[in-house]
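Engineer: Here's the letter readout for the chains.
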Amino acid sequence: MTVLDPVLDALARYDGALASVDADRAVDLVEGLLDDGVDPVTVLVDVIASAQRTVGDRWQRGEWTVAEEHAATAVSVSATEAVARHVRRTPATRGRVVVACAEREWHALPAMIVGTALRANGWDITLLGASTPPVRLSQYLHDLGPDATAVSCSVLGALPTTRRFIEASTAAGIPVVVGGSAFGPDDHRAKALGATAWASGAREAVAAVRSLPTVVPAADPVNGSAAAEQAAMELAHHRLVTSLRERWSLAAQIVTTERLPLDSVHSVAADVVNQALHAVWAALLTDDPRALSHTAAWVADLLAARAVEPTLVGELGRLLARDLRDYPLARALVEHHWTATTGSR
Amino acid sequence: MAGPKSIAGTAPAAPPPLGAHTAHAPTEHQLLDQARQRASLAGEITSQLAGSLNLRRTILRLFALITPELADWAMLAMVDHRTGRVALHGGHDHTFATTVDRDRTEDLGVGRVLRSGQSELLHVALAPEGQTPTADGLDSMIPHDALRAEATALRPADVLGLALTARGTTVGMLVLVRGAGRGFPEDDVALAEQIAGRAAMALDSARLYEDRNRVASVLQASLRPPALPRVPGLRLAARFRAAAEHLDIGGDFYDVHGSERDWLLAIGDVCGKGVEAAVLTGRARQSIRTAAHFDRSPRGVLAALNAVLYEEESDKFVTAVCARVRPAPDSRTAEVDLAAAGHPAPLVLRADGTVEQVDVAGTVAGVLPEVGYQETTIALGPGDTMLMFTDGIYEARGPEGFYGLDRVIGLLPAYAGAGPEAVCEALEQDVVEHLGGRAHDDMALFAVACGR
Chain Y
1 MTVLDPVLDA
11 LARYDGALAS
21 VDADRAVDLV
31 EGLLDDGVDP
41 VTVLVDVIAS
51 AQRTVGDRWQ
61 RGEWTVAEEH
71 AATAVSVSAT
81 EAVARHVRRT
91 PATRGRVVVA
101 CAEREWHALP
111 AMIVGTALRA
121 NGWDITLLGA
131 STPPVRLSQY
141 LHDLGPDATA
151 VSCSVLGALP
161 TTRRFIEAST
171 AAGIPVVVGG
181 SAFGPDDHRA
191 KALGATAWAS
201 GAREAVAAVR
211 SLPTVVPAAD
221 PVNGSAAAEQ
231 AAMELAHHRL
241 VTSLRERWSL
251 AAQIVTTERL
261 PLDSVHSVAA
271 DVVNQALHAV
281 WAALLTDDPR
291 ALSHTAAWVA
301 DLLAARAVEP
311 TLVGELGRLL
321 ARDLRDYPLA
331 RALVEHHWTA
341 TTGSR
Chain V
1 MAGPKSIAGT
11 APAAPPPLGA
21 HTAHAPTEHQ
31 LLDQARQRAS
41 LAGEITSQLA
51 GSLNLRRTIL
61 RLFALITPEL
71 ADWAMLAMVD
81 HRTGRVALHG
91 GHDHTFATTV
101 DRDRTEDLGV
111 GRVLRSGQSE
121 LLHVALAPEG
131 QTPTADGLDS
141 MIPHDALRAE
151 ATALRPADVL
161 GLALTARGTT
171 VGMLVLVRGA
181 GRGFPEDDVA
191 LAEQIAGRAA
201 MALDSARLYE
211 DRNRVASVLQ
221 ASLRPPALPR
231 VPGLRLAARF
241 RAAAEHLDIG
251 GDFYDVHGSE
261 RDWLLAIGDV
271 CGKGVEAAVL
281 TGRARQSIRT
291 AAHFDRSPRG
301 VLAALNAVLY
311 EEESDKFVTA
321 VCARVRPAPD
331 SRTAEVDLAA
341 AGHPAPLVLR
351 ADGTVEQVDV
361 AGTVAGVLPE
371 VGYQETTIAL
381 GPGDTMLMFT
391 DGIYEARGPE
401 GFYGLDRVIG
411 LLPAYAGAGP
421 EAVCEALEQD
431 VVEHLGGRAH
441 DDMALFAVAC
451 GR
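Each protein sequence line maps, in turn, to chains Y and V. Okay, so the first sequence: first residue is 1 according to the working numbering, each after it adds one. Okay, so the second sequence: first residue is 1 according to the working numbering, each after it adds one.
Next comes chain V alone, as it looks inside the complex:
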């Protein structure tokens, strides 16, 4: 499966492969050459394997590095402590992967190596053509019929099963096979053990990362901003850039809840940054979702959010704007009820290019036991776009200072009638370019207009 190695540069005429049987004793020059080959292979494997933290990619790279230099055929067996199975990777197709029951390996060489952490070099006793093969090294090391058939076809003299031990645990085994005419001299076994040690460390790191990542990515997925639904009668667009850009989660959020022609749009910002903020974000979003399920009025939703956060007796607070948007049956206009909790008021970009800031304000949620929120109602006409945003937008600070609300207001008129997607795209670009590569707070944009 492994194709050409790269579009850049090919190696010069290669020396004979390591372990190749020769008619004469090797010359000093050839011995020196082989020693060099071994050293460079060990060095390359160490630096290249450090490049990936992904288990599958690390395995693929290991195979690419060791075949054919170290072995003509290789297979990896990794113990999966969660499932009690043994994962097998490789063979001729480096991307091949399957699992076998660990019990099936216990009485074989595989099981011995995995238990003892001791590598084994086994002789292969291939039956002559036409006779029933007897159990031998390949049967003992390769607990899978198709893989064993591949290895057998190479007619090897030996099979090397290397224990992969890292941080005190044998995490797997690397099986190496060299085809007819190529054996495993002592120096090569030593090299293989050295490489196995380095591979074990890289594979174990990747395994640890993958275990953590499995948990983190599930949690993270629930905290990421949602994919926007298609809402009949409305056009929606949003953008989110986390302060910790690689995490994709943070203290800003937006959400859409509703059905038919009655929708609640929310945008908000919890105090703090990063993972801690994201957890609070998750709670705030859930509270809004639940409240909106019973009463879609922005006033009611924010009051519920406030009460829930206050009762948690934490010093945490949230700012938010909720907009209940009800598009008319012809989808050309919509009525919008708004309430705000300590959050910047949305801007409305009218079809004619005028920009209005909605007159809506209220106390942050989570600080006072009981807060009554005021509602404001506006009308969205054909070609109007309402833009909600978080303070990370106008507080973005670049070489020329803060971005500022004036820049937001100044940018919008040119995009009159262009729709939510174009407005979000243009503003996001302008703000990020303004930053000039500097760090920023979480930033979110959420825009809505009428349309089918």
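Pulled out of the complex, with its shape left as it was, chain Y reads as follows:
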């Protein structure tokens, strides 16, 4: 007799459903687990979120196209909706939490997972979806007067707008929990942005929301000169991107995934250039240079997976430093922290 860990077994089967873009199979599987009495948060975290991490890895390794990544994510949205239907059967007994993604954050699924996990723990939730302007968040905060705001941020480029969310929430006295991969491995960036609490995952978010203060003071202003440089870079973003794309020699390289225009060399180059600039924003705003060194390593992995000349990572750093001559703090950060050491792979 073999005893399989039902959750690990489910994860493997769920992964298969994602790979074949089979929403029906994913939903059946999730509903089966819930009917068997598996805790909804376990399903969300150890099956759906866990499998979803490999989706991003597959794109990074060049195994999946952006479209395949979207398709797999849509399957996980259906599966998370199935969990949401299940947990809504029991009434909410605690207060209300507004769950949102700031502008430029298009990964709505992590917020959905956190929201559903909170709902499973008795919180009434209001989900605002992807890329929400601060004026819309404020409207909801004043209309609903929730006990907490939860903000999910996966991309570095959305940290400045996430800071706006933190301002909107704390100005109304509402504590704000933040989480997501853009915050890095610890609470440094969350603290720098003035969040009330940081959560490393959905489970931790549930625990964090439970122990929040009832009222918080308005967040302190962020570091003036660095924030001013970040804002100026944001205004000049289009120009900076265009300049870097024209000169970075990745455009001359051959990339392995050429099946579709979306994954062409130009598109990958554009993505990398955007990420690099966003990493500078994040480092400036949160005083965390790891945003740059981690991004350089990420770029190195991404290009290595596409058989691109590794020296191009360093070249991008040099071009970036040169283009940032009007932004002394940003330039110093790039010069010191854009190190092109390859990551784990």
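Some hints here could point you the wrong way.
As the list claims (entries may be wrong) - If we take Cβ atoms under 8 Å as the criterion, some of the chain V residues that face chain Y in the derived model are:
no.	residue
1	R61
2	T95
3	N213
4	S217
5	A414
6	A422
7	A426
To be clear, the hints were calculated from the coordinates, so they are not data collected in a lab. We put the CB at the ideal spot given by N, CA and C, even for glycine.
Following the hints, position chain V against chain Y.
Structural biologist: Below, chain V without anything else, positioned relative to chain Y:
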């Protein structure tokens, strides 16, 4: 209940609390310190209370700001003019809330303060342990047994009932209690009255906002795009972004009506923007719903919509596409009948990545007395997705100009077979990124594919 104040920064060693009894007369230095403390408290309360328009959040913040600096214990009584009751908030648990009948407060200090708008400082005559307590200041100011017990346990010497008067009306009362060893000197009463004045203004603003919001949110909810139902045999996904992004309502709409294996999907766009457009949107949606109840044919639904809008004798018009979708019993394919009223024709993304625009057109609804609409029928095969959209999508204008229908058509092939949710997600993202933060018109997407 109030936990730690924040993860950022703690205050330096605090001076003795305001009103603390001391053995000696305060030194000049201490007096100066207290004056500073009072001024900073009044300033902080003014700026922080302005941050929220939500009544509950404003109340919670008021308690967080005044305890323990101004009082060890606080309670708020607010008159609810609609119900004739008095809402009580606070005590040790700042989130506690209950209501009492206003009649019960009339003969007490609470009632006097609420009627007269005059604050009162009452002496507390606590009975010695073991004796029956006589009615005193706490009984008069706190019309709730559990709350009164909390205040009594602090063994205060006085209780301060502050009238909250804003814009000519006394909207409530703030009750402050300081525990044993801490009284209410004149300067502190003056400070408390000053703070009460500012709190009254903030609470009254929040009350006005809440009254308006109660009406608006009910109306708004009926005008918001609907949550999509689960339809057997079909997969649906939709997106809506209002031009007035904080309102979540506007001139674009989508809807689903039907049952079993016969469904009517509608998407449309009324002339104008914002609240006025949303009201017309509501009428158009209702007309479509009613028409579809009797006849689900797109031609019939649009003709009815046209007739209803025309008869209203307004200069308002609506564009719309109606699609009657009938999935086959095996849910792998569906037959789709379409009709359009001045609205961009839907696109069909085939499983093999080819993109076709459906050949369907017709006059806008609401302009001519009688319009005959033509129907077109298409087949949705396994892996095909039909995408309906409003003009806000291709007219989205960013730093590089209009988004354009060509970009929509160019984006789709990569998402062949990915399903409606992935198509909507990708297109919404691409359009909004194209805008580069600029203003936009209402935008709606509505996609359908076969599937269980």
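Engineer: The structure should be examined with respect to each hint, and the outcome stated for every one.
Structural biologist: Here is how each hint holds up against the structure:
The beta carbon of R61 of chain V comes within 4 Å of a beta carbon in chain Y, closer than 8 Å, and the hint placing it at the interface holds. Below 8 Å, beta-carbon pairs count as interface contacts, and T95 of chain V has one with chain Y at about 6 Å; its hint therefore holds. At a threshold of 8 Å, the smallest CB-CB gap from N213 of chain V to chain Y is about 5 Å, leaving the interface hint in force. For S217 of chain V, the shortest C-beta to C-beta distance to chain Y is roughly 6 Å, which falls under 8 Å, so the interface hint holds.
At about 4 Å, the closest approach between the beta carbon of A414 of chain V and any beta carbon in chain Y falls short of 8 Å, and the interface hint on this residue holds. Taken as an interface hint, A422 of chain V checks out: its beta carbon lies about 4 Å from the nearest beta carbon of chain Y, inside 8 Å. Interface restraint check for A426 of chain V: the shortest CB-CB distance to chain Y comes to about 5 Å, inside 8 Å, so the restraint holds.
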